[in-house]
Amino acid sequence: MSDAPSPAATAPGTPVAPPPGARIIAITSGKGGVGKTFVSANLAAALTRRGLRVLVLDADLGLANLDVVLNLHPKITLHDVFTGKSSLDDAVIAAPGGFSVVLAGSGMVEYSRLTPEVRNQFLSVIQTLAPRFDVILLDTGAGISDVVLFSVSLASEVLIVATPEPTSLTDAYAAIKVLAMQQQRQHIRIVVNQTARPGDGRAITSQLQQVLERFVTTNSGRPLRLIHMGDIPADSAVREAVMRRQLLLLHVPGCPAALAISQLAGKIEEALLTRPA
Amino acid sequence: MRCRRCARCRKPPHRYTRAELTLVPSVPKTAPPLSVDLRDLRLDTAVALLGRGERPPTGTPPAQYLQRLIDGLCDLSLRDPLTGLANRRQFQAVLEREIDRVTRSGEAALLLMLDIDHFKHVNDTYGHPAGDKVLQAVANTLARCVRPMDTLARYGGEEFAVVLPACQAAFGKAVAERIRRTIATTPVRIDSNTELSITISVGGAYALQWIRSTTPLWTDRADHLLYRAKAEGRNRVCIEEQPDSTVSAEEKGMLFGPLYTPSGWGDLSSMNLNDSAH
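The listed protein sequences derive, respectively, from chains A and B. FYI, in my numbering the residues of the first sequence are 304 to 580. FYI, in my numbering the residues of the second sequence are 987 to 1264.
Next up, chain A with everything else stripped away, as it sits in the complex:
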């Protein structure tokens, strides 16, 4: 691991200076079970197809399940790296879609409480890996815990996954509110999963934006801007792929949800990775 200096004691979620190298995108949600890990894995595959070097880091330290979605049986996980049993290089595993993953492993339950040691180790893992990739997706846990806030704080961009259900919207709103107030974010990107018809996601984003403008004042005084990145339509192929533990983009690349994820990847590349000449 790198000899990164330990970060100063900060409130959980106070942004730390982003490590150089890859663009780091945190994928999070207020509520669990909205398809965060599904989106992370398939978005990674879609970005890989566009020629980018992509890493997905399982940042859900307590309840990691990226390995389940990708049907991987890792021998070496972040847990081994944190305990010094393995080197970080050995924990970087090739995933089916052509991208790399670092899995948290089930032994990480003990890390679901964020101690300064875990924080420093996590930071050092990201600092070491960042120069080797173009994009790092942080698949965070659901909800608003200090582990989630900390991993989100390492990312330059936040992508919230929500579904049109009222519970998911309420929790997404709560998460956005906390991120706006605590991390002084200027914007947060949002993708709406399992939409019933075109336009649902845009309407939901605009509604969230209006409530934010009315109720949330940020330190800068400017309201946080939500950027709608697209919808992923409800699609029976998604359920099948998840049950078979396959990547949707590899096995049913032509289905509506897969096409939507490819489009999302294009939008992300355009927004984040195309630097002005």
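Since the hints were made in silico from the structure, they are not lab data. Keep in mind that this is a model prediction, so the values were computed, not measured. Note that the Cβ used here is the ideal one computed from N, Cα and C, for glycine as well.
Every beta carbon over 12 Å from chain A, so not counted as near; a handful from chain B, in silico:
#1 Val1022
#2 Asp1110
#3 Glu1163
#4 Thr1168
Which chain B residues face chain A? A few, computed with CB under 8 Å, are given here:
#5 Glu1227
#6 Ser1231
#7 Val1233
#8 Glu1237
#9 Lys1238
#10 Met1240
#11 Leu1241
#12 Phe1242
#13 Pro1244
#14 Leu1245
#15 Tyr1246
Since chain A is already given, all that's left is putting chain B on it; use the hints.
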């Protein structure tokens, strides 16, 4: 071989069941009272530490006397001798307990770290006995500023800590401000003709239900804010902004109103698509 528990009966040796085994270390209620001769115990140091009379007052049962001694020693081991406040050991225990309580009850708790400004100057100019007087005076003033349920501790040197259970975000800043103001407006008399005006800097951090904090992280955060208060010029309060993750009924109403008709879950038919085109 007979049962050892009851020497007179003729039962075979008694086999302890698992439940009985776990009871062995505690004294069974039916056991005859243990008699201890106080003369067999080395109590001199304990008695001297507590500053009590050499002998147990006549008429006090030995058990009661011993209990009083033990209670006194426990109290002694949890207090700072100079100021009488909780010491580091008790502070740590209170903090651990408070984190557990926050997790269960959901009520936020506030930790304040306070540091006397330019204390070294007091020691260097007026001597250490004067410094001690300042520490005691500040401790007394602090004790008058907080609720009985709050824990005041001497964290070390001229640094103090206050743990405020069930402290809502809206009140934390007011409490800390009141403490700072009271200290600043209460001069400390160190001898018959010298009065010192003392100020403190205060940093504060919350333990929140969703933060799942740990004691080192919580104190770290509060300490960080204390340093900020110092850096910003001392005699001031810096409290961590507490992001509010609750969603009020009003917010929910506005969030759902246009999106869902009362006809039920997921019905987006009343959505105003024109409104959203931006």
